[in-house]
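Peer 1: Chain B: place on chain A using the hints.
Those sequence lines, one after another, are chains A and B.
The first sequence begins at 1 in my numbering and counts up by one.
The second sequence begins at 1001 in my numbering and counts up by one.
Some clues are possibly wrong.
[To be verified] Beyond 12 angstroms from chain B on every Cβ pair, some chain A residues (computed):
| # | residue |
| --- | --- |
| 1 | 15 |
| 2 | 49 |
| 3 | 65 |
| 4 | 77 |
| 5 | 83 |
| 6 | 101 |
| 7 | 106 |
[What the hints assert, rightly or not] Here's a subset of chain B near chain A, in silico, CB distances under 7 angstroms, partners left out:
| # | residue |
| --- | --- |
| 8 | 1024 |
| 9 | 1027 |
| 10 | 1028 |
| 11 | 1031 |
Just so you know, these hints were derived from the structure itself, not from any lab.
Note that the Cβ used here is the ideal one computed from N, Cα and C, for glycine as well.
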Amino acid sequence: LAKTTQPISMDSYEGQEVNITCSHNNIATNDYITWYQQFPSQGPRFIIQGYKTKVTNEVASLFIPADRKSSTLSLPRVSLSDTAVYYCLVGDSGGYNKLIFGAGTRLAVHP
Amino acid sequence: DTEVTQTPKHLVMGMTNKKSLKCEQHMGHRAMYWYKQKAKKPPELMFVYSYEKLSINESVPSRFSPECPNSSLLNLHLHALQPEDSALYLCASRSGTGGNTGELFFGEGSRLTVL
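Here chain B stands alone, though its shape is the one from the complex:
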């Protein structure tokens, strides 16, 4: 199984809502990532979890709250978002056992629209 599964594929939420994006992988990877991608722009790194601990936070606003309940799951909790947060949110995993070697496996993304 070389898949990263993201749910939901599409999400529409108001600025006062609380919602969550979910990501799952069963490849035994110990590094998991959240990227945000706006139209015609490259993916922008948000968070990295390494061995279920948050290792990188790229100065992301606190309205985005990541969580890694176990080695297979990664969540991104959303609260009080702004319309400019509308984007494709991509989850990725990597074996993370050798510096920056090894490929990133990406999910298909969750398309978020904030009204």
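Looking at chain A on its own, in the form it has when it is part of the complex:
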């Protein structure tokens, strides 16, 4: 069973870079790593997805080492509006399409 482990919470200040690391020791060969952001009472929203090395888009970067047993979401220059819960997902090798959320990381950005 592919399982992810993340820090429960993190604090940061506006303008800082935030790195959230996710551990996924049992990731399967075919699994991709996907990160989502969720605000209260809303559905999660896709941030970024990768398979290996580094992926960058307009809002974040994702770093994945060669062994793929962990990944790091990097949010450059956070603002108050980045206060949210961040989830890392990998596929569950027990079933195609089986996408299980881990506990997530609650990020609080302070002025």
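Peer 2: Here is chain B on its own, set in the frame of chain A:
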């Protein structure tokens, strides 16, 4: 159109009522999901439909009955629920054409309260 639309946004029901939650997407996605989310907890997978067939049931009690009438619609029929079933019910879709790649598109959820 990259939206997943869920109705109703809020639902209050008694334990003897029968109600349904609805979800619609027009992105041509062939995988559709129901998740349940309690306060301050992660979304919990309930059901997955792949190409309009139920492919995953995470041992959900039979008082929750999913239905996929066509590739754009997903329903969750509710009957004889318990107060502990009160939660945010999230629908999501995904293209589902390449293993576990591709993002999940979520609706805003239906907030269910069981009295």
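Peer 1: The structure should be examined with respect to each hint, and the outcome stated for every one.
Peer 2: Hint check results:
At roughly 28 angstroms from the closest C-beta of chain B, the C-beta of residue 15 of chain A stays outside 12 angstroms, upholding its exclusion from the interface. Consistency note on residue 49 of chain A: stated as away from chain B, yet its beta-carbon is not over 12 angstroms from all of that chain's, at 6 angstroms minimum. Even its closest Cβ contact with chain B, about 19 angstroms, leaves residue 65 of chain A beyond 12 angstroms, as expected for a residue assigned away from the interface. With 12 angstroms as the threshold on Cβ separation, the claim that residue 77 of chain A sits away from chain B holds: the shortest Cβ distance comes to roughly 24 angstroms.
Distance check for residue 83 of chain A against chain B: the nearest CB is about 14 angstroms away, which clears 12 angstroms, and the non-interface claim stands. For residue 101 of chain A, the condition that its CB be more than 12 angstroms from all CB atoms of chain B is violated, with the nearest at approximately 4 angstroms. With a closest Cβ-Cβ approach of about 8 angstroms to chain B, residue 106 of chain A is found to fall inside the 12 angstroms limit, against its non-interface label. At a threshold of 7 angstroms, the smallest CB-CB gap from residue 1024 of chain B to chain A is about 14 angstroms, leaving the interface hint violated.
Nearest Cβ of chain A to the Cβ of residue 1027 of chain B: about 13 angstroms, over the 7 angstroms cut. The hint is violated. Annotation: interface hint on residue 1028 of chain B violated; nearest CB of chain A at approximately 16 angstroms, more than 7 angstroms. A least Cβ separation of about 5 angstroms between residue 1031 of chain B and chain A falls short of the 7 angstroms threshold, and the interface hint therefore holds.
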